[in-house]
Structures are given as C-alpha cells and as structure tokens.
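Using the hints, position chain B against chain A.
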Amino acid sequence: KAGVTQTPRYLIKTRGQQVTLSCSPISGHRSVSWYQQTPGQGLQFLFEYFSETQRNKGNFPGRFSGRQFSNSRSEMNVSTLELGDSALYLCASQGLAGTEQFFGPGTRLTVL
Amino acid sequence: GESVGLHLPTLSVQEGDNSIINCAYSNSASDYFIWYKQESGKGPQFIIDIRSNMDKRQGQRVTVLLNKTVKHLSLQIAATQPGDSAVYFCAENNNGTASKLTFGTGTRLQVTL
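Protein chains in written order, with the working numbering: chain A, 2 to 113; chain B, 1367 to 1479.
In case anyone wonders, no lab produced these hints; they're calculated from the structure.
All C-beta atoms, glycine included, are put in the ideal place defined by N, C-alpha and C.
A couple of the hints might just be wrong.
Sample of chain B residues lacking proximity to chain A, with all beta carbon distances greater than 12 Å (derived) [as the list claims (entries may be wrong)]: (1) G1382; (2) D1383; (3) I1414; (4) D1421; (5) A1445; (6) Q1476.
Under the rule of at most 25 Å between Cα atoms (straight-line distance), these lysine to any residue pairs were calculated in the SDA-like manner [said to hold, decoys possible]: (7) K58/A - Y1398/B; (8) K1437/B - Q1380/B; (9) K1466/B - G17/A; (10) K1408/B - H30/A; (11) K58/A - Q1411/B; (12) K58/A - A98/A.
The following block holds chain A by itself, in its conformation from the complex (with noise of 0.2 Å):
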C-alpha cells in the first residue's frame, strides 16, 4: 500500500508570489490534515479536509487556504508569501478509525 506522497518536495519561492503544494492520502483514506513545521513555533495544525469538505481548521491567516478533492487528493495553498512562511509543510492522511495519522515527506518551502 502506498505512502501518503507529497509534490512537490523542495520549492523556493519570492516574497509576494503564492504556491500551491499538493497531496495524495493513502488510498482508501479520506481525512487529509495539514501542518506547518518550523524551528521556532514546531508542527502546527493547519486545517482538515474530509469529504471535499473543511472539518477542522487552525489558527493560520485567510493567507492560507486549502481544497479536497473528490479522490481525496488535497492542496494547500499560500498567497502572498511571507519570509515567515519559510517552513515544512506537512500533510497527513487519517482512515475512518480516526485514529493514527499517516504523514507525508513533506514539501520543503523556502521563501527568498
């Protein structure tokens, strides 16, 4: 079975431009989470999408946003990137039990 994959894994972008990063669950899930990993603040929740359909969100700015769609594929994106956005992101993928969630490799995000 397949690992949750995350595209792309490195990525350097300018202060001012967005991106979007993307990811695909492990098959058969439906709940993809993401998080927000730095040195200074550690992994924070950035939202979840179940069923193409937002079921939790953290506490990030309008800046951040995200989508499911209908094979359960995710992307988060990011407008108007700050050097503080300079991060891991990570994407996990949950099972129907709710329990154990699955992380990606995560995309790497530099912002110059």
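Below, chain B without anything else, positioned relative to chain A:
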C-alpha cells in the same frame, strides 16, 4: 538532512540502555495522546497512542505512561538502538481522534555506541 528544531532538548543514551522521554501538556480536556518519531528528512511516524481512560499502554519495546493529575506523558524505549535516534514528539487533542493535533516541542534522542 533537515533540522526539525534548532534548540530542542536532547537526550543522550547509550545503546542498550532504556530511554525515557517526557512531555507536559496543558489542556486538561485532552483525551487522546500520541507519540511520534521524526527522522531527518521524513515526516513524523506514529509510535504509540493512549486514551485518557488509561494510564499505561505497551507496544513493542515502547511504553507510554499518562499521568492526568499532573498532565504529564512519558515514552519509555527499552534497549535503545541506534535506529531510535530521532526527534520525538508528543501530540494531544480533545476529540478522541488524530484530527487537529497539538504537538509538543519535541525531544532529540541521540543514541551513542
């Protein structure tokens, strides 16, 4: 590899010894707790979980202890191996699932030979 935390507390343990990693949480309403292991360049990997109606749970070479009175969680790793070297995070939430987790700051475990 990537650094997941520049100023993480570090626990240095000799190979074969037991490791104990501690975590304090603040939300008394939390009812589900998970320990994750993150190796350089990888996403967090599930180790073991525990619900608030338990105070101990054992897995293969790992044991999680939960003390709700003082809001403290610990992960014990028996016979620590070099492959256990990683950053360990505790995570919690109050909805009984792995959704919307709040993560601790992490502890770096270094296993010396």
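Outcome of the hint check:
1. Non-interface status of G1382/B relative to chain A is upheld: no Cβ of that chain comes within 12 Å, the nearest being about 29 Å off.
2. With a least CB separation of 27 Å from chain A, D1383/B remains clear of the 12 Å interface cut-off, as annotated.
3. The Cβ of I1414/B sits about 10 Å from the closest Cβ of chain A, inside the 12 Å cut-off, so the non-interface label is violated.
4. Separation of D1421/B from chain A is adequate, the least Cβ-Cβ distance of about 18 Å exceeding the 12 Å criterion.
5. Every CB of chain A lies more than 12 Å from the CB of A1445/B, the least distance being 24 Å, so the non-interface label holds.
6. Distance check for Q1476/B against chain A: the nearest CB is about 18 Å away, which clears 12 Å, and the non-interface claim stands.
7. For a cut-off of 25 Å, the pair hint linking K58/A to Y1398/B stands: about 18 Å separates their Cα positions.
8. Under the criterion of a C-alpha separation no larger than 25 Å, the hint pairing K1437/B with Q1380/B is inconsistent with the structure, at around 28 Å.
9. Under the criterion of a C-alpha separation no larger than 25 Å, the hint pairing K1466/B with G17/A is inconsistent with the structure, at around 28 Å.
10. Pair hint K1408/B plus H30/A holds up; C-alpha atoms about 20 Å apart against a cutoff of 25 Å.
11. A C-alpha spacing of about 22 Å is found between K58/A and Q1411/B, which places the hinted pair at or below 25 Å, so the restraint holds.
12. Proposed proximity of K58/A and A98/A is supported: the alpha carbons are some 20 Å apart, at most 25 Å.
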